[in-house]
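The primary structure of each chain is shown beneath.
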Amino acid sequence: MAAEKNYYTIDPEGKLTCLKCGVPLVKGKAKFMYLDNGFPVELPVCPVCGFVYVPEELALGKVASVERALEDK
Amino acid sequence: MSQIQERGSTHVYKVNKISREEMESMVARCVYEQPPFCSAACPLKLDVRAMLKAAADGNFKKALQLYEKIAPFPLILSQGCEAPCEGKCRLNEVGDGLAIREIERAVARYGEQFRLGSVFRTSKRHKTAVFGSGLFALLLAGELEKKAYPVTVFCEEADPEAYLRKAAPFLDESAFALELRRLKGKEIRFVCGCRLNAAFYEQQKPAFDVLCASDEVRARLFPDSVPVPELMICEAERLVSGPTEGVLGAAFGAKKAALTVDRLAQKLDPRNTRGQEGATDSALYTDLSEAKVLCRVAVPAGGYTKEQAIEEAGRCIQCHCEECLKSCAYLKHYKKHPGLLAREIYNNTQIIMGDHQLNKPMNACSLCGQCTVVCPNGFDMARVCHLARQNMVSTDKMPLAPHEFALLDMLFSNGDAFLARPQPGFASCRYVFFPGCQAAAIAPETVRAAYEDLCARLPGGVALMLGCCGAIADWAGRMEMAQQAHEFLDRELARLGDPIVIAGCPSCAKELREHGVKELRGIWDVLEEIGLPEGVHKLERPMALHDSCGARGDAATQASIRRLAASLGVRLTDTPYSGDRSPCCGYGGLAAYANPEVAGEMTEQCLERSDAPYISYCMACRDRFARKGRESKHILELCYGTDAGAPPDISEKRRNRLQLKRSLLQELWLEEPMERKLPYTLNWTDEAREMMDRRMILTEDVIAVLNGFRETGEAILEGESGLLVARRRLGNATFWIKFSREGENIYTVHRAWSHRMNVVKREG
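If you read the protein sequences in the order shown, they are chains A and B. Numbered continuously in my numbering, the first sequence closes out at residue 76. Numbered continuously in my numbering, the second sequence closes out at residue 1038.
Quick caveat, the hints were computed from the structure, so don't treat them as lab data. Fair warning: there could be bad hints in the mix.
As a list, the in silico DSS-like pairs of lysine-lysine whose alpha-carbon atoms are at most 25 angstroms apart [what the hints assert, rightly or not]:
| hint | chain 1 | residue 1 | chain 2 | residue 2 |
| --- | --- | --- | --- | --- |
| 1 | B | 1035 | A | 23 |
| 2 | B | 580 | B | 566 |
| 3 | A | 32 | B | 610 |
| 4 | B | 327 | A | 34 |
| 5 | B | 343 | B | 288 |
| 6 | B | 600 | B | 1035 |
| 7 | B | 610 | A | 18 |
| 8 | B | 343 | B | 319 |
| 9 | B | 1035 | A | 30 |
| 10 | B | 1012 | A | 65 |
| 11 | A | 32 | B | 1035 |
| 12 | B | 288 | A | 65 |
| 13 | A | 76 | B | 634 |
| 14 | A | 30 | B | 1012 |
| 15 | B | 580 | A | 8 |
| 16 | A | 76 | B | 288 |
| 17 | A | 65 | B | 600 |
| 18 | A | 76 | B | 610 |
| 19 | B | 1012 | A | 23 |
| 20 | B | 1035 | B | 1012 |
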């Protein structure tokens, strides 16, 4: 079966830790949802509690531009 | 916190059409695309303006190219044309009209040397024939050759030279020589020395698809034929011909005839899709103050020299209407005349699937109405944009993002920060002071001083109402929300006994009046009537008055403000675009929220008008000018000797409103307001403060994230910096903060950001 397409991938490379669970974040499956549209991505995720981290650069860059594109649909 | 429902999906396939007739009637008011008067008067539709521009630039090659578009034989036309364009030249109203025909002659002469020989062209397959001679026949042959029809001319003359001589006997020798060369260079086949009788005609006829004739030959061949002058055809005989008069008449006749040939070649009715033909009127507006040189360059016997032609063409003021573009930063930004922009915005509302690319321009207009005043025809861009916004909202296609911050601010003004109380000691009041949300946000001390003054000096009691008039929702095109705000204010006013509203802001005054508040006065009117408060400082200094767009069309308010300023000792320096012509500071229509870049240009344009400090009577104007570094005062600051100081950031604007409400409740109404104290210490880096203001993230948002963190303990530890990152979904956005922690109760925020997309973990 073909691998599911991911629009964006960030590997935390062991630099981020979940404060609550005390474990390093790993590259995990996540999904952005906006105005009834979904985008599968791979982001730093806590393997225990599932906290998904959206770094500032991603939020203000790619995420913001996709938001704007969808808002004008 | 208050919340506004985000639209559910991008997959909405309905449109609520604005009537095309309504939009067309609005668009038609823009005269930008109207032809200049000279071109309108020319039945051949010469682009006189462009030709004169090229000639004025000394570019005779380009000028001739433009002229040749309508004249296959430029010297013939320029020497013989009756030049109706000259009579319509607007310069006639202030001096000498332009010598257009003389310039055309010069263009035809001096452009000739640059003319390219005929290049290879693919001919059309329909063969055409022109029987007979004369000017109409010659020009028709020229027009058909230009359209790439193979043309054969059958004439009685001995050769093309004699043919040309008969057609244009008025040409001087040098012009004749040039036109003969031009004629010989054209792909026109001459069959000379023919006897043009019926037998000859019938003999030739089968070899051609379309047949044309001079009027003389037509009358000889078919004495009973009846040409239709507007089509230049005898329909029964299918012969393209007809009478013409004069040189221009022949040229126009040839143009109409050539179009008829097109239609016949396409096997269409010659009446089919001809468009508008011949001279027309123009509704173009021309600013004649641009006319600098009023006297015509005298024409020497042999016609203009090159230099003289350049000089005379340079007198052309290039008639065009850009009155709105001169004054409106919004239209300047998009570099479009409003007729075009309005049409595009209209089309934007009609898109069922796909990108609404005009959302940004539609939401960037300040709805200030300046264009309607400066436009000679009263074009109303504000109405176009406001209607379009309402339309997009009603079809659920309007993005919430551009306006959400402002709309939440309105809900805050009419929620947590709202206050309505009668004056202490009064059960009901004759008046209620409504300073407006921005006054309370930007200059709370001034609001307080004004209120205390009104209470002290107006008989019958003055209630206070701190809130938003509803203009925010109105500007956003969210009419249901606006109506809810109006109904809320109506109820609160009724609770106060429907007192006379004293508005502190012209935009509130306008909004409230338009929505049914019957008795309303501006605080400026009241102060004029009761006089300035005691101890007011006279200023004796020059200042530039910026009229509020909310007071457009309100001469009484504008005059009242001027008298008030004069009594304060302010020497007002006059600026162009004041009074009704005043531009918006960039706050109006929520431009500052939806498009900060365009709004910034609006503010800069306001400030370009004078170097003096600015005085305004709308707090939003005061704030935006101060943000650009200009000394800027609201007239109430001058009246009450208060100083609102440096412009507050977005969080301070909220805090100011809350603190004003709390301090008034405590001190005037002796009520103990609920005050929420944070159980921890919150600090900010300067960078975080600046970032939050730019990214429209409120202190309240950050506190909510931090409170969430304190409850759940959910955060990320960044290994390299040692900083923590927490997030919380608030309404339609997720807010993130990066912070440090000292012990359990001291936090310092380093960064903050947000996104509207929701992010969730995906299984699998």
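Here's how the hints hold up against the structure:
1. Between residue 1035 of chain B and residue 23 of chain A, the direct Cα distance comes to roughly 17 angstroms. Compliance with the 25 angstroms bound is thereby established for this hinted pair.
2. With a CA separation close to 21 angstroms, the supplied pair residue 580 of chain B and residue 566 of chain B stays within the 25 angstroms bound.
3. Annotation: proposed proximity of residue 32 of chain A to residue 610 of chain B is violated, straight-line Cα distance about 46 angstroms (limit 25 angstroms).
4. Restraint check for residue 327 of chain B and residue 34 of chain A: not satisfied, since their Cα atoms lie roughly 59 angstroms apart, outside the 25 angstroms limit.
5. Distance hint between residue 343 of chain B and residue 288 of chain B is unfulfilled; the C-alpha atoms sit about 46 angstroms from each other, more than 25 angstroms.
6. Among the hinted pairs, residue 600 of chain B with residue 1035 of chain B is inconsistent with the structure: their alpha-carbon atoms are about 53 angstroms apart, more than 25 angstroms.
7. Between the alpha carbons of residue 610 of chain B and residue 18 of chain A the distance comes to roughly 51 angstroms, so the proposed pair goes past 25 angstroms and is violated.
8. Using a Cα cut-off of 25 angstroms, the hinted pair residue 343 of chain B and residue 319 of chain B holds, with the two alpha carbons roughly 9 angstroms apart.
9. Taking the CA atoms of residue 1035 of chain B and residue 30 of chain A, the gap is near 11 angstroms; set against the 25 angstroms cutoff, the hint holds.
10. For the given pair, residue 1012 of chain B sits about 20 angstroms from residue 65 of chain A by alpha-carbon distance, which is consistent with the 25 angstroms threshold.
11. In summary, the hint linking residue 32 of chain A to residue 1035 of chain B is supported, as the alpha carbons are separated by about 6 angstroms, within the 25 angstroms threshold.
12. As the CA atoms of residue 288 of chain B and residue 65 of chain A are separated by approximately 29 angstroms, the hinted pair breaks the 25 angstroms bound.
13. A distance of roughly 12 angstroms separates the Cα atoms of residue 76 of chain A and residue 634 of chain B; the hinted pair therefore holds under the 25 angstroms criterion.
14. Straight-line distance between C-alpha atoms of residue 30 of chain A and residue 1012 of chain B comes to about 21 angstroms, which keeps the hinted pair within the 25 angstroms bound.
15. At roughly 69 angstroms between alpha-carbon atoms, residue 580 of chain B and residue 8 of chain A are farther apart than 25 angstroms, so this suggested pair is violated.
16. For the suggested pair residue 76 of chain A and residue 288 of chain B, the alpha carbons sit about 13 angstroms apart, so the restraint of at most 25 angstroms is met.
17. Proposed proximity of residue 65 of chain A and residue 600 of chain B is contradicted: the alpha carbons are some 37 angstroms apart, above 25 angstroms.
18. Under the criterion of a C-alpha separation no larger than 25 angstroms, the hint pairing residue 76 of chain A with residue 610 of chain B is consistent with the structure, at around 23 angstroms.
19. Simply put, residue 1012 of chain B and residue 23 of chain A have alpha-carbon atoms about 16 angstroms apart, close enough for the 25 angstroms limit, and the pair holds.
20. Straight-line distance between C-alpha atoms of residue 1035 of chain B and residue 1012 of chain B comes to about 21 angstroms, which keeps the hinted pair within the 25 angstroms bound.
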